[in-house]
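> Working from the sequences, and respecting the hints, build out all of it.
Top line first, the protein sequences correspond to chains A and B. The opening position of the first sequence corresponds to residue 1 in our numbering, with each subsequent residue numbered one higher. The opening position of the second sequence corresponds to residue 1 in our numbering, with each subsequent residue numbered one higher.
Incorrect hints may have been included.
[What the hints assert, rightly or not] With a straight-line Cα cutoff of 20 Å, these simulated SDA-like cross-link-like pairs (lysine to any residue) come out: (1) A:K228 with A:A100; (2) A:K228 with B:Q78; (3) A:K228 with B:E77.
[To be verified] Just the calculated beta-carbon pair ranges, DEER-fashion: (4) A:A244 with B:D83: 36 to 46 Å; (5) B:P173 with A:A159: 34 to 44 Å; (6) B:P27 with A:R217: 30 to 40 Å; (7) B:V11 with A:A186: 31 to 41 Å; (8) B:R38 with A:A88: 30 to 40 Å; (9) A:G44 with B:Q78: 28 to 38 Å; (10) B:F63 with A:K228: 21 to 31 Å.
If you're looking for bench data, these hints aren't it; they were derived computationally from the structure. The beta carbon of each residue, even a glycine, is placed where N, CA and C say it ideally should be.
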Amino acid sequence: MLERFLRAAVALCLSLFALACSSEKGPPASVQVFAAASLRDACGDVAELWRERRPEVELVFNFGSSATLAQQIEATRAADLFLSADTAQMELVRKSGAIALEGPARWLSNQLVVVVPASSSEVEWSAPSELLHARFPRLALANPASVPAGKYAKAWLEAQGSWSALESRVVPGVDVRAALAAVENAACEVGIVYSTDAAISQRVRVVYRVPLEQGPRIEYAIAATSGKAPAPLAREVLEHFLSAPARVCFARRGFLVGEGH
Amino acid sequence: MQWESVAPALVLTLQVAACSTALVALPALALGRLLARREFRGRSLVEALAALPLYCPPTAFGFLLLRAFRRDGPLGEQALGFDLDVLLTWRGAVLASALMSFPLVVRTARVAFENVPPRLEHMAASLGASRAQVLWRVTLPLARNGLIAALLIGFSRALGEFGATVIVAGNIPGRTQTLATGIFDALQVGDDARAVQLAGWSALLGFAAVWTSEWFLRRSRSATS
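This is the structure we're talking about:
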């Protein structure tokens, strides 16, 4: 009995190990795309288009805050493409010498919105000063110290002169989707996310849209980075992301798509 | 529909836990044996160091591994001249799990070795068995159930490793996302249905591994007492 168990266990370990080694060489080519969390759903659409065009090349996505992704790229050079929610994180990657080919400036833009749980009785606000009210003890933001969505939100609140009053109420999330989830679960009474994040969720409601001219200018950046995929392939994926059909995908998700490149 | 997104995490988790257990087995059993039978200078220091992952937050070890293996770290591409390819790969998850499960395997193995009556080993030696023969013919067979339990406990710890894994291996769906990191990811994006499935599988695997190890532990106690 014991012998049999031991043998089975060893066989299992060995077969898993073999599986691991074989899966390493499995797909002939893959391109690692490190993308800001806010781009998650739109990237899914763009990947769908890519699969129709080049099914033999797999796009592997790593979603997270642009700050985390920039650090990962700096530490590992594992990314072939970097889609950042701001130019500051792209700048970090540039300084580390990892950029192979940069996409056009002002590739995509976005808008900040204030959201509440869908179950809330809140009606649309006429002014953002409602945020200061005591009925909102917890404010969900992406971490304003590092994550672009949080930094943009902080910049807006500072411009409104309400940051110092609200700072102690901030519940920081690891990325903008974490902030969204905090409001979805009603763990926070209110949150500030991108309008594109609010659009994918049935469980939050937008009560205030930050007018584009009042908010900080939100600029996404895109670049091919020196990763493990062949450079021409990475460039091809970059071009795919900049192509007209891909821009339609982003526009459909609510992104403000920049002028042609 | 959910199954396709759960299956890769499930397979990877088993793969990582199996490789982690294989990686840990020899050094942890050897150290367990050493601590069970030998007195030496600095023994308590070795014991405390080996137990560190039990008391230190996994994130601290994740951070340590990240610093060591990053491009400009002491084990990084620039220092070694080649890339070990640990960060953001499943190998990183193996390393993180191995580190965090090491003390549990050592402790359980140590008890298993301690439960072997020294008398029997002395008898074998006095009858002319070499040290290797004593180990192979007497100690290991007597400690076997306890050692299997030790490896299974290490396996179950590896199944659930999160803190160090998410830092070292990242959370890339289909590549480095395990059940544990997948639950976190599902929560982040508000996909509760997926989180429930992943949590269910984690509980099932963890339970199966721990329950089997308990069975072996009970047998090892009744065999040696």
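> Does each hint fit the structure? Answer for all of them.
Taking the hints in turn, this is what the structure says about them:
Distance restraint check for K228 of chain A and A100 of chain A: the Cα-Cα separation of roughly 12 Å lies within the 20 Å cut-off, and the hinted pair is therefore satisfied. Using a Cα cut-off of 20 Å, the hinted pair K228 of chain A and Q78 of chain B holds, with the two alpha carbons roughly 16 Å apart. For the given pair, K228 of chain A sits about 14 Å from E77 of chain B by alpha-carbon distance, which is consistent with the 20 Å threshold. Roughly 37 Å separates the CB atoms of A244 of chain A and D83 of chain B, a value that falls within the hinted 36 to 46 Å.
Between P173 of chain B and A159 of chain A the CB atoms are about 37 Å apart, so this pair conforms to the stated range of 34 to 44 Å. Remark: the range hint 30 to 40 Å for P27 of chain B to R217 of chain A is contradicted by a beta-carbon distance near 55 Å. Separation of V11 of chain B from A186 of chain A is about 35 Å and conforms to the stated range, judged on CB atoms against 31 to 41 Å. One distance hint, 30 to 40 Å for the beta-carbon pair R38 of chain B and A88 of chain A, is violated here, with the actual separation near 56 Å.
Between G44 of chain A and Q78 of chain B the beta carbons are some 36 Å apart, a value that agrees with the proposed interval 28 to 38 Å. The hinted range of 21 to 31 Å is satisfied by F63 of chain B and K228 of chain A, whose Cβ atoms lie roughly 24 Å apart.
Checked against the numbered hints above, the structure violates hints 6 and 8; every other hint is satisfied.
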